[in-house]
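Heads up: the protein sequence lines correspond to chains A and B, in order.
Counting from 1 along the first sequence, just add 1 to a position and that's the residue number in the numbering used here.
Counting from 1 along the second sequence, just add 1 to a position and that's the residue number in the numbering used here.
If you are wondering where the hints come from, they were derived from the structure by calculation, not from laboratory data.
You may find that some hints are simply not true.
Since the list gives no way to pick out one identical chain from another, each pair is judged satisfied if it fits inside one copy or across any two copies.
Said to hold, decoys possible - Here are the simulated lysine-lysine pairs, DSBU-like style, with alpha carbons at most 30 Å apart:
id, residue 1, residue 2
1, 30, 56
2, 30, 105
3, 30, 75
4, 11, 131
5, 118, 75
6, 105, 11
7, 11, 30
8, 56, 11
9, 48, 105
10, 48, 118
11, 48, 75
Protein chains: 2
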Amino acid sequence: MSQELENTLKVGRQAFAFFQHGLETGDWKQFLDMLTEDFTFWFPMGKFHGLNVGKQRAQEFFQYVTQAFSPGLKITSLDRVTTNETTVVFEFRDEGMLFGEPYKNRVAVSFDVRGNKICSYREYFGSDGKSN
Amino acid sequence: MSQELENTLKVGRQAFAFFQHGLETGDWKQFLDMLTEDFTFWFPMGKFHGLNVGKQRAQEFFQYVTQAFSPGLKITSLDRVTTNETTVVFEFRDEGMLFGEPYKNRVAVSFDVRGNKICSYREYFGSDGKSN
């Protein structure tokens, strides 16, 4: 494994651990600290559908996620971690309540790594939110 | 790059080329020939939603895809290819007509490679089918 690949995997895994912590607890500080200032993300639907630009926008998004999935979204299995020199893709399943209704999904998130930060991510849904 | 990683990437890319050919033309033979007999796949929604088991089921699915997206679904950009020793993830955008209505999506497909075949895949949607 090249040093670049090793670093990308390490940074990606650290970011994912903080991402999971944010989903579960609503505390996003450590995850947000890992984002570059020019961070961008793509989300599949709702008010953050499409391309979102900037760290401020990310802050708003994760605050919204925490409100939507109160009291926290649980990752029930991490199915695959796939890496190259710049990108780490996590395939996982999650479960919780979405605005009070039972919610389950299969999700892929693809993190782009630059140095020891995440500069962008893309999220994809593998289910309809009712089963995973 | 290890020999195993190199083989996985090569087999994954070949399968993806045949997958793209199937989407565009409705001719799935070469892609289906690359699937193991115990092939399984996950699809996000509709009548093939969830886990699907067996090559026969895959045949039915891709026939359905061709009917749904007549006259063919076009991959407009391949955004990321991410690999480890067993899995290749393709992030791409597509565009076409779904039962006569304009359709666009961002998609991630994750192929699991065994030898020179694909033994399973998981599909994820990054958009709502109306924009990518």
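Under the constraints set out in the numbered hints, which ones does this structure not fulfil? 4
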